[in-house]
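K.L.:
Single-letter residue listing:
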Amino acid sequence: MKGNLTRGLGIAGGLLALAISLPAQSFSTIDVKGVTVTYWHTGTGPTEKGLQSLVDEFNKSNPYGITVKEEYAGNYNDIYNKTLTGIAAHQVPDLVVAYQNQAAAYRLPKGIVDINPYVNDSQVGLSPASIKDFIPGIYESDINPQFHNERLGFPHQRSMEVLYYNLTWLKKLGAAEPPKTWDEFAALCRKATNVQKGTYGYAIDTDASRVFSQTISRGGGFLSADRQDFDLDNPAIVDSMRLMKQLLDEGAARKVAEAYGDQADFGNQKVLFTIGSSSGLGYYQQAVEHGANGKFRWSLAPLPHSTENPVQDLYGASVSITKTTPQRQLASWLFLKWFTQAAQQKRWVEISGYFPTRRSVRDSLGPYLVRNPVYAKALDILLSSDVVTEPPFSSYQAVRAEITKTYNAILDGADIKSALAKLTRKANQINADARDN
Amino acid sequence: MKVRLAVLFAALGILAFLALLPLLYMVSTALKTFGETITRISPNPLSLEFWPRIPQWVNFAAAWSYGEGLAHSFFVSVVVASVTVLGVLATTIPAAYAFAKIPFRGREFFFGVFLTTLMVPETVSTLANFMTITRLGWINSLQGLTVPFFASSFFIFFLRQYFRQIPETILEAAQIDGATTFQVTLRIAVPAARAPIFTVAFLAFTGSWNSLMWPLMATNTLDWRPLAVGLTKFVTEAGPQAHLSMAASTMALAPIVLIYIIAQKQITDSVTRSGIVG
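Line by line, the protein sequences are chains A and B.
Following our numbering, the numbering of the first sequence begins with 1 at its first residue and continues without gaps.
Following our numbering, the numbering of the second sequence begins with 438 at its first residue and continues without gaps.
Keep in mind that the hints were calculated from the coordinates and are not lab data.
Note that the structure is a prediction, hence the values are computed from the model and not measured.
Think of the CB as a built atom: it goes at the ideal place given N, C-alpha and C, for glycine as much as any other residue.
Incorrect hints may have been included.
[Claimed, not checked] The calculated label-pair distances, taken between Cβ atoms and stated as ranges, are:
#1 A:A376 with B:S578: 46 to 56 Å
#2 A:A409 with B:V561: 50 to 60 Å
#3 B:N481 with A:G251: 14 to 24 Å
#4 B:P459 with A:L108: 36 to 46 Å
#5 B:G472 with A:A409: 34 to 44 Å
#6 B:P459 with A:D363: 44 to 54 Å
#7 A:G251 with B:L552: 52 to 62 Å
#8 A:A88 with B:V495: 41 to 51 Å
#9 A:P326 with B:L579: 15 to 25 Å
#10 B:V495 with A:P373: 32 to 42 Å
#11 A:K417 with B:V444: 25 to 35 Å
#12 A:Q429 with B:S578: 56 to 66 Å
#13 A:A88 with B:S578: 14 to 24 Å
#14 A:G251 with B:G472: 25 to 35 Å
[Claimed, not checked] Reference excerpt, derived from the structure (chain B facing chain A, CB under 7 Å, subset only):
#15 G450
#16 F471
#17 N657
#18 D660
#19 V672
#20 T673
#21 P677
For reference, chain A alone in the conformation it holds in the complex (with noise of 0.2 Å):
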């Protein structure tokens, strides 16, 4: 009896020892042949008839046999509510495009599977050449320390925040290039500013990634040494909202009143600086095209800063895989690698606007960047500057609004320090509820 015991336990230990030490399953035993896949996008107009005939390309050509359906479904917000619906459902797309915030919010319930399998594999993975081909900062950008430095989406564009400025009224204030530190922006802003002609240096967003792009510059940033919770009352954000309420209160800046007005002003001539998304570019080029004061010239530059190289804040959603089944997470995997390889995204460059994921791509954009130099100007900005990403905790949607909300605040007279360390106590509030949760 004590011996068949004994033998069973050996058995079983043996078993179990073996069943640790087998390799995970292999993806190229998956068969996918036949598989259709859903991508929720938010493209629309130009962008989306691009997206079409880019999926149309892979449907005809992939030699697995999987076909792709793309959805437009909203804008970003309404992509977020409608997965979160979908996931408690289970009614979701295969591939859906999010911020590293919204995916980590659709991670909380298991909605979305882990990518590093998928990239680390040896058969359907990337190659090391063609990790290093990612621009610095992208491509580690999806991984969450929230959850154990899974990679929760893989990047298919992305954009920064960048200076736009009116050259020709620059060289006309005697400078003769866009400012490199706060104080030469200051500065200018006053300059620029003439209360007869109703000209001002700066517009003001109170968006939370004009706060986040302006408090890096200065070698600040949102998180805790520990990088697990918000810092929001640290030197660098101090300053950054001293410097705007003082320009507001002097008249050298006015905060935007309304959707594009600070484009409308930037092309009106009425405004010398305003930071903004480059995914913008197109419509600061429609605004000055139909400025009521004429042509002028204009460009971007990387934000101030008291950092020795500029340092840019980088954004843009990825897409991510839900959970599904073996075959159809497999399928999204092989339509995003494809979709993210150097021939694809130098296509979908010139479709959105956006930038690529990939240094190579740079060199075949060569016609599209002579057309369009000022976007030319924006990539090579992204090449030579250090880059860092916002917080991708899934508290930090509402951490963003919680920020705006201040930032109006102390605009309008709060008390700087007070109001930042109270943001910081609701932030975490807000950041612990999500983890609870």
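Starting from the known structure of chain A, fit chain B onto it as the hints suggest.
P.N.:
Below, chain B alone, put in the same frame as chain A:
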């Protein structure tokens, strides 16, 4: 007395003007060129810059056919809203009459249960409804967009209040003459309650017409995307072309405003008589 009336009318006039100002801004922007939306901006309707130099009526045609066009979304909305109205009336009228005029055990209790559902926020029921229509295979379908809204506690409550005011003697006389309950409802109660029924129809139509969250959840393709979703996509596509966005918004609002202008007397009358305040 005359001074009081004058002050009252002046105050109401100012409030009406403030309420109309956003609509005026929408229409004036819809009639501007793209350049004018950037260069001629004023919040003051008495300023020349508030208005276009030359009205660009072509903006409405441009918005109608821009991108995927609003035409398809518009017609989907007409169909969805019309079916919703028919469904609402088909359930609300019998339910309201039953709660008002048919004595049955537990009538007040069940009515109380109905009323408690008014306290449930829409977002809470959205997930349950979404799971239901998913299991029924009603995603991207007319029934998915309409059936969940066929029954409304508020509309039942609203009509019940009116039906309760119909004198019992009239109904009893009809029953004595041999009319069934269904015939009494259809031939006596419904004609007597034309105004509130029209109000319910109008509110149901408006609710369906303006609905964005549910159609966004329940549709994935263009086929059954109604106007609110189409308009959201349109505004994203149009970007800073405010003249097109405003032209599209004006066209989306026009049917509701038109219907209200035609039927405002009945609507106001029915709300007053039903005894509902606020």
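K.L.:
Evaluate each hint against the coordinates.
P.N.:
Structure-based check of all given hints:
For the pair A:A376 and B:S578, the beta carbons lie near 48 Å from each other, so the given range of 46 to 56 Å is met. About 31 Å separates the C-beta atoms of A:A409 and B:V561, a value inconsistent with the hinted range of 50 to 60 Å. Taking 14 to 24 Å as the suggested C-beta distance range, the pair B:N481 and A:G251 conforms, at roughly 22 Å. Taking 36 to 46 Å as the suggested C-beta distance range, the pair B:P459 and A:L108 conforms, at roughly 39 Å.
The hinted window of 34 to 44 Å between B:G472 and A:A409 holds, with their beta carbons roughly 36 Å apart. For B:P459 and A:D363, the Cβ-Cβ distance of about 51 Å falls inside the hinted range of 44 to 54 Å, so the restraint holds. Between A:G251 and B:L552 the beta carbon distance is about 56 Å. The supplied range of 52 to 62 Å therefore holds. Separation of A:A88 from B:V495 is about 46 Å and conforms to the stated range, judged on CB atoms against 41 to 51 Å.
Between A:P326 and B:L579 the CB atoms are about 35 Å apart, so this pair departs from the stated range of 15 to 25 Å. Range check, B:V495 to A:P373: about 33 Å between beta-carbon atoms, so the 32 to 42 Å window is met. Our hint of 25 to 35 Å for A:K417 and B:V444 is violated, since their Cβ atoms are close to 49 Å apart. Restraint check, A:Q429 to B:S578: a C-beta distance of roughly 42 Å breaks the suggested window 56 to 66 Å.
For A:A88 paired with B:S578, a C-beta distance near 21 Å keeps the hint of 14 to 24 Å intact. One distance hint, 25 to 35 Å for the beta-carbon pair A:G251 and B:G472, holds here, with the actual separation near 27 Å. Taking 7 Å as the C-beta contact cut-off toward chain A, the hint placing B:G450 at the interface is violated, the least distance being around 27 Å. Using the Cβ-Cβ criterion of 7 Å, the hint placing B:F471 at the interface with chain A is satisfied: the shortest such distance is roughly 6 Å.
At a threshold of 7 Å, the smallest CB-CB gap from B:N657 to chain A is about 5 Å, leaving the interface hint in force. Among the interface hints, the one on B:D660 is violated; its C-beta lies about 11 Å from the nearest C-beta in chain A, farther than the 7 Å criterion. Taking 7 Å as the C-beta cut-off, the interface hint given for B:V672 is violated, the closest approach to chain A being about 9 Å. Because the smallest distance between the Cβ of B:T673 and any Cβ of chain A comes to about 5 Å, under 7 Å, the interface hint for this residue holds.
The interface hint given for B:P677 holds, since its Cβ lies 4 Å from the closest Cβ of chain A, which is under the 7 Å cut-off.
Hints 2, 9, 11, 12, 15, 18, 19 from the earlier list are contradicted by this structure; the remaining hints agree with it.
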